[in-house]
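Student: Going line by line, the protein sequences match chains H and U.
According to our numbering, the residues represented by the first sequence are 859 to 1000, in order.
According to our numbering, the residues represented by the second sequence are 859 to 1000, in order.
If you are wondering where the hints come from, they were derived from the structure by calculation, not from laboratory data.
Careful, some of the hints might be misleading.
For identical chains, the list gives no copy identity; a pair is met inside one copy or between any two copies.
Heads up, simulated SDA-like pairs for lysine to any residue below, C-alpha to C-alpha not over 25 Å straight-line [stated by the list, open to error]: (1) K959 / S890; (2) K959 / D994; (3) K959 / A873; (4) K959 / R889; (5) K959 / P987; (6) K959 / G929; (7) K959 / A993; (8) K959 / G930; (9) K959 / A891; (10) K959 / A917; (11) K959 / P922.
So you can see what is in the structure, the chains are spelled out below.
2 protein chains.
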Amino acid sequence: MTIPARLSIVTLGVADLGRSVAFYEAIGWTRSAASNDDIAWFALAGCAIGLFPRGELAADIGVPDGAGGFGGITLAINVESEQLVDAALATAVAAGGSLAKSGQRAEWGGYSGYFADLDANYWEVAFNPEFPIAADGSILLP
Amino acid sequence: MTIPARLSIVTLGVADLGRSVAFYEAIGWTRSAASNDDIAWFALAGCAIGLFPRGELAADIGVPDGAGGFGGITLAINVESEQLVDAALATAVAAGGSLAKSGQRAEWGGYSGYFADLDANYWEVAFNPEFPIAADGSILLP
């Protein structure tokens, strides 16, 4: 199978969640109701942006957050089922990417894994029952 | 003014453009006709992804590409005029961001500048007459 040609979420790992939320609100963006004390979401035309503590973002992948390693940004492709997560990860590996984290149940209630592309950009492939997917493949942030 | 709540393009700085294009094609994505020997574009549901040599991407911002610095990814907000580029950059600075590159004519025929958010994520704000903007704010990749 192929991986759906979609970019659902860009998550920025931030040093201080409150300060960063204040910055993005100050440029005029409205925090989504899906936000909580752990992560902030902003619905954008196109994909969505998440703000999440940088160290926790690296830990979610299972990589060190340090010099020359994790760049602080993850990209996410949301799919419609757990099976599609596993299939997409397998496709990425078959294409020459590397499996950074196999598909597994996530504490936030969904299922996800990560692959790294040739330059160690981390792509999460996720099934999140809380974020419906529109007919065009984009996610519908609450 | 506020900055439009949109994410138009994510550009990945890659070590070897040909190899990375082959990887993304191998997962089933189709290169846009807007691609050329210098940069590859993939239209995705949501935003678009660009692949561009990492060193050149850092150079376009005007930052060093090295340990602890540039993370290899830029995010772009495309707007409808040069004036809107300058206004968005000013808004970002007023919100506490920093101006990484002031708005200026770009060799690719448009006008762009960069701001950095609180965690040194680089956002390009660009007017690109070649990439029309749809009513919902998303870009229409050729």
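Student: Hint by hint, say whether it matches the structure.
Tutor: Hints, one by one, checked against the model:
1. With identical chains, the CA atoms of K959 and S890 are never at most 25 Å apart, being 28 Å at best within one copy and 30 Å at best between copies.
2. Taking the closest pair of Cα atoms, K959 and D994 never come within 25 Å of each other, the shortest separation being 27 Å inside a single copy and 35 Å across copies.
3. Taking the shortest Cα distances, K959 and A873 sit within 25 Å of each other both inside one copy (23 Å) and across copies (23 Å).
4. For a Cα distance limit of 25 Å, the shortest separation of K959 from R889 qualifies neither inside one copy, at 29 Å, nor across copies, at 27 Å.
5. In this assembly of identical chains, K959 and P987 lie within 25 Å of each other by CA distance solely inside one copy; the values are 20 Å within and 40 Å between copies.
6. For a Cα distance limit of 25 Å, the shortest separation of K959 from G929 qualifies both inside one copy, at 17 Å, and across copies, at 21 Å.
7. In the homo-oligomer, the alpha carbons of K959 and A993 never lie at most 25 Å apart, since the shortest distance is 28 Å inside one protomer and 38 Å across protomers.
8. Taking the shortest Cα distances, K959 and G930 sit within 25 Å of each other both inside one copy (17 Å) and across copies (21 Å).
9. Neither within a single protomer nor between protomers do K959 and A891 lie at most 25 Å apart by alpha-carbon distance, with minima of 29 Å and 33 Å respectively.
10. In this assembly of identical chains, the alpha carbons of K959 and A917 lie at most 25 Å apart only when taken from the same copy (11 Å versus 32 Å across copies).
11. Proximity of K959 and P922 under a CA criterion of 25 Å is satisfied intra-copy only: 13 Å inside one chain copy versus 30 Å between copies.
Consistency note: the structure conflicts with the earlier hints numbered 1, 2, 4, 7 and 9.
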